[in-house]
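Engineer: The chain contents come next:
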Amino acid sequence: MIIYHSREALTARLAALIHAGRISDRAEPNVVWKEAEVEDAYRTVGLWQAGLDLRGRPVCAVGRSSRPDVAERAFCGLARVFGISPDRFLLVDVGPDEAWGDLLLLGLRQFGLIDLAHSLEIRLLRRRWRECQAAVAFAQEKAEALRP
Amino acid sequence: MRIIYHCYGQAHSSVTAANIHLGHLPRHRRASIAEIRHQPCFDRTQPHELGIPRLMGVDEAGHEVYVIGLAGGKRALEPALREFLERSGIDPAAFLFANALQHAGVPLRIGGYTSRRLGVVWLGRPLSALGVYLKYPAFVDLVHRVRREVQHRCP
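Chains as they are written, first to last, in my numbering: chain A, 1 to 148; chain B, 1001 to 1155.
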């Protein structure tokens, strides 16, 4: 299992969609926005599965609302407690640690300014695209060592 | 079964709930401030330990009791962790997450921040203990609910 995590779920979802091959490099931001199910991204939904990679492993995304090191220690720590082998999953941190832009978007949505939030989310996705691509390239290399 | 009490900093709320669960703190009366201050692992977690599950002990029915701090991510991380375990083949009946932070009042939050984040232990620790003392019945209630749930799942 490959798990992308970011402060808010949107960036992790973008990376997971690229990894699962559901969007191409030239995809329109509006398509990405729809595929990422943005309306749902700010809620508490657990792991969001974007699809499977070429080897059939699930590619998931999560918004951690926390520091990346805390989230990674929690996943790895619980895996150790429950006897889940470290070669069964890969955690990939993507996006800034403190995503003030995402929090602003969340605030706009809470105030009902959906259209404004939508246009800013598309800009955000554009800005984070390269960062997500780099994270995916890293994850694809690391994922070679994962058990199917 | 593994019972996992979680809170913000893994130092006060979850530790208190776990110690009540394990019988290190009383379940049928309010613990004194001294008892709260001297309970195992109270106000001890270091920032680099945040997120690492800590085994606090095994209860009389053989269930392992853990504490974990999720910082600000309790609402997002708890369901994600639960789902991660389930997708990894762990039986959902084999673990139980309990949110201990819901019972942390203002004195406990300020005390915890002062002691753990600012490092002013001489002020933060007594304030945290006072916060736990004031909310003690709520922690006992949480532990009773968890124990009932565990009995329901593992009769």
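By construction, these hints were calculated from the structure, which means they are not laboratory data. The model shown is predicted, which means the values in this text are computed figures rather than measured ones. Be careful, since some hints might not be right.
[As the list claims (entries may be wrong)] With a straight-line cut-off of 25 Å between C-alpha atoms, the simulated DMTMM-like cross-links for lysine to aspartate or glutamate are: (1) A/K142 to B/E1083; (2) A/K34 to A/D53; (3) A/K142 to B/E1060.
[As the list claims (entries may be wrong)] Now the in silico label distances, taken between C-beta atoms and shown as ranges: (4) A/D97 to B/S1088: 23 to 29 Å; (5) A/Q49 to B/R1117: 45 to 51 Å; (6) B/D1091 to A/R147: 19 to 25 Å; (7) B/P1155 to A/E98: 31 to 37 Å; (8) A/E141 to B/H1152: 17 to 23 Å.
[Stated by the list, open to error] A few chain B residues that don't get close to chain A, going by computed Cβ distances all over 10 Å: (9) A1061; (10) L1070; (11) G1073; (12) I1110; (13) V1121; (14) P1126; (15) V1150.
Where is the CB? At the ideal position from N, CA and C, for every residue including glycine.
Engineer: Next step is simple, just say for each hint if it's right about the structure.
Structural biologist: Here's how the hints hold up against the structure:
no. : hint                          : verdict
1   : A/K142 to B/E1083             : 23 Å, holds
2   : A/K34 to A/D53                : 20 Å, holds
3   : A/K142 to B/E1060             : 43 Å, violated
4   : A/D97 to B/S1088: 23 to 29 Å  : 26 Å, holds
5   : A/Q49 to B/R1117: 45 to 51 Å  : 35 Å, violated
6   : B/D1091 to A/R147: 19 to 25 Å : 20 Å, holds
7   : B/P1155 to A/E98: 31 to 37 Å  : 46 Å, violated
8   : A/E141 to B/H1152: 17 to 23 Å : 46 Å, violated
9   : A1061                         : 18 Å, holds
10  : L1070                         : 6 Å, violated
11  : G1073                         : 3 Å, violated
12  : I1110                         : 21 Å, holds
13  : V1121                         : 22 Å, holds
14  : P1126                         : 27 Å, holds
15  : V1150                         : 17 Å, holds
Hint compliance for this structure: hints 3, 5, 7, 8, 10 and 11 are broken, all remaining hints hold.
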